Amino acid sequence: MAPWNTNEQRIPQGRLTLVSYVFVTFVAVLLVGFWKLQVVQSTHFADLAERNQIRYIPIIAPRGAMLDREGRVLVDSYPSFSVLLLRDDPKLVQRSLPQVEDGLGISAADLRQELDAARNEPKFQPIVIKPAASDADIAFVESHRTDLPVLELMMVQRRHYPYAGMLANTIGYVGDVSPQEMEQSDGRYRPGDLVGKAGLEKEYNAQLEGTDGMRRVVVNSLGKPVRTLDNLDAIAGKPIQLTIDYDLQAIAEADLVDKAGAVVAMDARTGEILAMVSRPTFDPNDFAVRIPPAEWQSLNTDPETPLLNRAIQAQLAPGSVFKVVLAAAMLETKAIPANFTVFCPGHADFYGRTFHCDHAHGLVDLHRGLVASCDVYFYNVGKLLGIDRIDQYAFGLGLGRRTGIDLPSEEPGLIPSEDWVERIYHHKWYPGSTISVSIGQGAVMVTPIQLARMIAGVANGGTLIPPHLMKNATDLKFESFPLSDDTVQQLTDAMWGVVNEPDGTTLEQVKLQNVDFAGKTGTAQIESFDLQNKLGKKLKENGWFVGFAPRRNPEIVVAALVQSGGWGSTSAAPVVRDIVKAYYDKKNGQLHPPATAENLAQPTVVPAVAETAGAVRP
Amino acid sequence: MKDRPHIKDFDWILLAIVGAISLLGLFEIYSSTHASGMAGMQWKQVMWIGIGLIGMFLISLIDYHTLMDQAPALYLFGIATLLIVLAVGHSRFGARRWVELGGGVNLQVSELMKLIIIIVMARYFAEVHTDRLTLGDLLKVGILTLIPVGLILKQPDLGTAMVLVPVALVGMFLAGINWKHAAAGLVLIALMVPIGWNMRRHLKPYQQQRIQTFLHPEEDQRGAGYQILQSEIAVGAGGFWGKGFGKGSQNQLGFVPVRYSDFILAAMAEEQGFIGVCLVLLLYLGLILRLVDNAQKAKDRAGMYVVMGVTAILAFHVLVNSSMVIGYMPVTGIPLPLMSYGGSATAFVFLALGLVMNVRMRRFVN
Numbered sequence: 001m002a003p004w005n006t007n008e009q010r011i012p013q014g015r016l017t018l019v020s021y022v023f024v025t026f027v028a029v030l031l032v033g034f035w036k037l038q039v040v041q042s043t044h045f046a047d048l049a050e051r052n053q054i055r056y057i058p059i060i061a062p063r064g065a066m067l068d069r070e071g072r073v074l075v076d077s078y079p080s081f082s083v084l085l086l087r088d089d090p091k092l093v094q095r096s097l098p099q100v101e102d103g104l105g106i107s108a109a110d111l112r113q114e115l116d117a118a119r120n121e122p123k124f125q126p127i128v129i130k131p132a133a134s135d136a137d138i139a140f141v142e143s144h145r146t147d148l149p150v151l152e153l154m155m156v157q158r159r160h161y162p163y164a165g166m167l168a169n170t171i172g173y174v175g176d177v178s179p180q181e182m183e184q185s186d187g188r189y190r191p192g193d194l195v196g197k198a199g200l201e202k203e204y205n206a207q208l209e210g211t212d213g214m215r216r217v218v219v220n221s222l223g224k225p226v227r228t229l230d231n232l233d234a235i236a237g238k239p240i241q242l243t244i245d246y247d248l249q250a251i252a253e254a255d256l257v258d259k260a261g262a263v264v265a266m267d268a269r270t271g272e273i274l275a276m277v278s279r280p281t282f283d284p285n286d287f288a289v290r291i292p293p294a295e296w297q298s299l300n301t302d303p304e305t306p307l308l309n310r311a312i313q314a315q316l317a318p319g320s321v322f323k324v325v326l327a328a329a330m331l332e333t334k335a336i337p338a339n340f341t342v343f344c345p346g347h348a349d350f351y352g353r354t355f356h357c358d359h360a361h362g363l364v365d366l367h368r369g370l371v372a373s374c375d376v377y378f379y380n381v382g383k384l385l386g387i388d389r390i391d392q393y394a395f396g397l398g399l400g401r402r403t404g405i406d407l408p409s410e411e412p413g414l415i416p417s418e419d420w421v422e423r424i425y426h427h428k429w430y431p432g433s434t435i436s437v438s439i440g441q442g443a444v445m446v447t448p449i450q451l452a453r454m455i456a457g458v459a460n461g462g463t464l465i466p467p468h469l470m471k472n473a474t475d476l477k478f479e480s481f482p483l484s485d486d487t488v489q490q491l492t493d494a495m496w497g498v499v500n501e502p503d504g505t506t507l508e509q510v511k512l513q514n515v516d517f518a519g520k521t522g523t524a525q526i527e528s529f530d531l532q533n534k535l536g537k538k539l540k541e542n543g544w545f546v547g548f549a550p551r552r553n554p555e556i557v558v559a560a561l562v563q564s565g566g567w568g569s570t571s572a573a574p575v576v577r578d579i580v581k582a583y584y585d586k587k588n589g590q591l592h593p594p595a596t597a598e599n600l601a602q603p604t605v606v607p608a609v610a611e612t613a614g615a616v617r618p
Numbered sequence: 001m002k003d004r005p006h007i008k009d010f011d012w013i014l015l016a017i018v019g020a021i022s023l024l025g026l027f028e029i030y031s032s033t034h035a036s037g038m039a040g041m042q043w044k045q046v047m048w049i050g051i052g053l054i055g056m057f058l059i060s061l062i063d064y065h066t067l068m069d070q071a072p073a074l075y076l077f078g079i080a081t082l083l084i085v086l087a088v089g090h091s092r093f094g095a096r097r098w099v100e101l102g103g104g105v106n107l108q109v110s111e112l113m114k115l116i117i118i119i120v121m122a123r124y125f126a127e128v129h130t131d132r133l134t135l136g137d138l139l140k141v142g143i144l145t146l147i148p149v150g151l152i153l154k155q156p157d158l159g160t161a162m163v164l165v166p167v168a169l170v171g172m173f174l175a176g177i178n179w180k181h182a183a184a185g186l187v188l189i190a191l192m193v194p195i196g197w198n199m200r201r202h203l204k205p206y207q208q209q210r211i212q213t214f215l216h217p218e219e220d221q222r223g224a225g226y227q228i229l230q231s232e233i234a235v236g237a238g239g240f241w242g243k244g245f246g247k248g249s250q251n252q253l254g255f256v257p258v259r260y261s262d263f264i265l266a267a268m269a270e271e272q273g274f275i276g277v278c279l280v281l282l283l284y285l286g287l288i289l290r291l292v293d294n295a296q297k298a299k300d301r302a303g304m305y306v307v308m309g310v311t312a313i314l315a316f317h318v319l320v321n322s323s324m325v326i327g328y329m330p331v332t333g334i335p336l337p338l339m340s341y342g343g344s345a346t347a348f349v350f351l352a353l354g355l356v357m358n359v360r361m362r363r364f365v366n
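Just so you know, the sequences run in chain order A and B.
Residue numbers 1 to 618, in the working numbering, belong to the letters of the first sequence in order.
Residue numbers 1 to 366, in the working numbering, belong to the letters of the second sequence in order.
Hints listed in this document are in silico derivations from the structure and should not be mistaken for laboratory results.
Please read all numbers here as calculations on a predicted model, not as lab measurements.
Don't take each hint at face value.
[As the list claims (entries may be wrong)] Anything over 12 angstroms on all C-beta distances counts as not near chain B; from chain A, calculated: (1) Glu8; (2) Val24; (3) Ile54; (4) Asp147; (5) Gly175; (6) Asn460.
[Claimed, not checked] Within a straight-line C-alpha distance of at most 16 angstroms, the following computed EDC-like cross-link-like pairs (lysine to aspartate or glutamate) qualify: (7) Lys334/A x Asp486/A; (8) Lys511/A x Asp406/A; (9) Lys297/B x Asp135/A; (10) Lys247/B x Glu422/A; (11) Lys238/A x Asp486/A; (12) Lys334/A x Glu410/A; (13) Lys471/A x Glu8/A; (14) Lys587/A x Asp516/A; (15) Lys299/B x Glu8/A.
We put the beta carbon where it would ideally sit given N, CA and C, even for glycine.
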């Protein structure tokens with residue numbers, strides 16, 4: 001090869017020019033490319049750029065409070081923060097996890113499980129890793145904004161319910177909106193919205209829930225808001241005032257702690273519910289944050305059915321309380337003379353079968369039959385009336401059908417009839433069945449609220465009051481099933497005797513001084529061996545007592561059910577007595593101490609998840 | 001005829017174009033970073049340009065013939081440096097490309113290799129003395145080029161490795177390639193594509209990712225395809241007139257990836273629109289045409305090859321970078337010369353231009 005620096009070849013001008021043409025061509029192609037994006041598709045990309053930077057952040061409307069009849073707060077909402085994990089950058093998330101676990105006290109396994117569960121969701125949708133952030137959690141997120149950009153805080157409104165499950169089954173709870181509810185809402189709900197799922201939260205959801213607002217913010221490429229464009233304020237939900245009296249509710253709750261059963265206390269003139277208890281119960285605060293699936297499972301499958309509102313959903317035999325219905329039918333239809341008497345030797349035979357009584361009552365008339373609750377007397381009354389008349393009066397007085405209370409999922413109960421037997425069992429009515437029905441056994445099933453309404457109706461001359469929880473309810477329907485004054489007088493006198501006469505079924509301490517207190521006991525046998533097996537224990541009888549005061553045109557009626565409580569006289573009657581006493585003490589300004597937000601529940605205190613998690617009683 | 005080169009023989013038109021492009025770059029770097037934690041970055045770039053200008057002046061003083069005399073030594077030095085970097089260089093952004101020069105200054109050695117390959121190729125083609133390259137000549141060029149390409153690929157830096165190739169290709173074309181050889185080469189490349197596709201498993205995961213992303217950007221909106229998509233959105237959203245200086249949301253809110261460096265043209269396109277892009281591309285066109293003009297007026301073939309080596313690299317940078325910004329090419333990390341922020345890259349451009357000045361100053365010198 002010749003030395004390089006002696007190259008005398010001429011410069012290839014043509015080829016050089018060709019090279020520059022090639023470059024010109026490429027630049028022309030590029031300009032066409034830019035033209036396509038910037039001029040032809042410019043609107044499309046401008047739209048994409050807009051959507052890139054603007055985020056719509058919902059402003060959650062606080063749910064309306066629930067107040068008792070005197071305006072005391074029962075249920076409240078409070079602002080709270082959730083910690084979000086932004087998943088835009090999976091590598092960053094993986095790197096940050098140990099620090100996040102440490103700082104927020106979340107177990108590594110839990111966190112990974114949550115990430116796993118959300119792996120099919122779009123990556124730009126953050127997941128909630130701590131639904132109720134404590135002050136320490138908030139401080140942790142705020143102080144690690146730069147080194148842990150995967151964490152973000154979201155303000156939410158949470159429900160705060162009274163402690164210890166007070167009024168829980170009546171209040172109900174809130175939960176994530178279901179797909180069906182979303183479909184029916186015409187786009188009103190978004191996934192993750194909270195709606196009332198049970199009880200009053202569900203019944204009055206429309207009033208309680210407000211309208212969420214919206215904030216338009218400009219975010220940077222990391223999704224961090226850099227400035228707010230505009231705000232559409234949230235409209236808070238309306239509060240509702242209930243007929244519940246906090247004081248009476250607290251006393252009723254206290255009487256039923258550790259028991260299974262229900263209490264319904266009503267204004268006997270208007271149907272306003274003053275107290276409503278169902279036990280065992282649950283803590284709705286568990287639902288206010290996010291109920292762990294395992295806990296939800298256990299609440300749902302617990303044989304003690306803590307989610308059941310027994311006051312309106314327990315369908316049980318009323319026992320001797322049902323005798324009031326027969327007595328009314330006997331006096332009103334005059335199918336049996338008012339002075340009808342029976343000799344009670346402690347048992348009686350009907351249709352070849354022996355039916356028992358608690359005592360040998362001797363000669364019994366209607367008054368003594370009710371006061372001492374003589375079964376043999378009412379076996380005979382029932383036999384003479386026949387099932388059709390019994391049904392007519394039971395149904396007429398509101399048993400075996402819904403009362404129409406403003407709560408979802410009320411159960412109807414059942415009053416057996418000839419039709420019903422033929423429809424369900426395809427055989428004729430056995431006359432022997434009438435004997436069992438006469439003392440409120442057999443297939444008779446009622447709810448506590450039905451019994452309270454029935455007794456109030458008997459005592460006030462046949463007006464069936466409409467039970468309700470909303471204080472200023474309009475459109476209340478008072479049903480009429482007229483009873484003669486004579487009937488009302490005889491029955492209320494007898495029920496006064498139950499409490500106040502020497503051979504009445506209740507104990508001496510149930511009597512109230514200066515209060516015209518009356519009522520009827522019931523002790524119903526448990527026929528479900530199935531339930532006994534499930535619970536693994538022998539159940540005693542269900543004790544009932546429905547009391548009212550005063551004797552004529554009562555102001556208050558209280559039905560109490562103590563399941564497996566044995567005699568209604570010893571289990572349920574004292575509960576009713578306490579509530580009626582408290583009602584009059586309060587009326588006379590002698591209730592000490594009155595229940596207040598301070599000494600009963602602390603609605604202003606934010607419960608920690610750990611505290612409330614264990615609050616569900618088995 | 002003069003016997004001494006003089007600074008007044010610098011290509012002042014070329015310098016004016018370079019100055020205009022650099023100034024546009026500085027404005028866009030400022031616009032992209034002034035509202036962020038990187039504010040003030042444009043002053044660092046001014047410093048790099050200053051250093052580059054000094055370097056350009058210094059390199060123009062040494063006769064390019066002297067530099068070409070040292071081509072074998074330079075080549076060996078370059079290869080050795082690349083080997084050292086692979087052995088001890090420290091990683092940044094996941095690749096070993098940097099050597100510490102002391103005082104916290106890091107030099108990307110592959111930029112140095114670009115300068116060396118220009119000189120080595122010019123020397124080789126000047127030495128051939130023919131207008132008909134033989135197959136053997138082509139093979140030698142291939143080997144000389146592929147050794148540093150392979151070493152840079154190993155760093156790994158696909159973009160810079162590719163940049164060395166056009167120097168050889170343009171050189172071959174100017175030295176006179178047999179059209180049959182050229183056709184055979186094209187066929188060979190066409191055959192290599194499917195083979196390379198089947199060999200893609202041997203690529204680094206990030207390279208596979210980039211190819212995948214280039215072919216299907218919409219499938220990976222938050223990953224690497226996100227960059228291309230966001231760049232296209234920025235360009236498209238700019239429209240004909242642009243959103244105005246400092247007003248591009250894609251740019252200002254950080255949706256455009258490395259908006260002050262590799263994607264600075266996207267930032268420019270969003271804020272200055274199609275008009276701004278036209279201005280930039282026409283300035284680059286002017287730059288390249290002016291360089292070719294210098295090659296045409298070179299005193300000898302050696303000078304021409306030097307100038308065209310520089311031209312090949314700069315043109316390649318401009319075309320690949322602009323194509324990437326509008327999604328015509330995968331993301332390879334090739335900056336836009338003079339506009340993208342970056343010390344080593346800017347220094348290289350000025351040193352390369354120093355070589356051009358060097359040739360120009362000596363066109364009348366004997």
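Hint check results:
| no. | hint | in the structure |
| --- | --- | --- |
| 1 | Glu8 | violated (8 angstroms) |
| 2 | Val24 | violated (7 angstroms) |
| 3 | Ile54 | violated (9 angstroms) |
| 4 | Asp147 | holds (14 angstroms) |
| 5 | Gly175 | holds (31 angstroms) |
| 6 | Asn460 | holds (70 angstroms) |
| 7 | Lys334/A x Asp486/A | holds (12 angstroms) |
| 8 | Lys511/A x Asp406/A | violated (33 angstroms) |
| 9 | Lys297/B x Asp135/A | violated (76 angstroms) |
| 10 | Lys247/B x Glu422/A | violated (82 angstroms) |
| 11 | Lys238/A x Asp486/A | violated (47 angstroms) |
| 12 | Lys334/A x Glu410/A | violated (34 angstroms) |
| 13 | Lys471/A x Glu8/A | violated (110 angstroms) |
| 14 | Lys587/A x Asp516/A | holds (14 angstroms) |
| 15 | Lys299/B x Glu8/A | holds (10 angstroms) |
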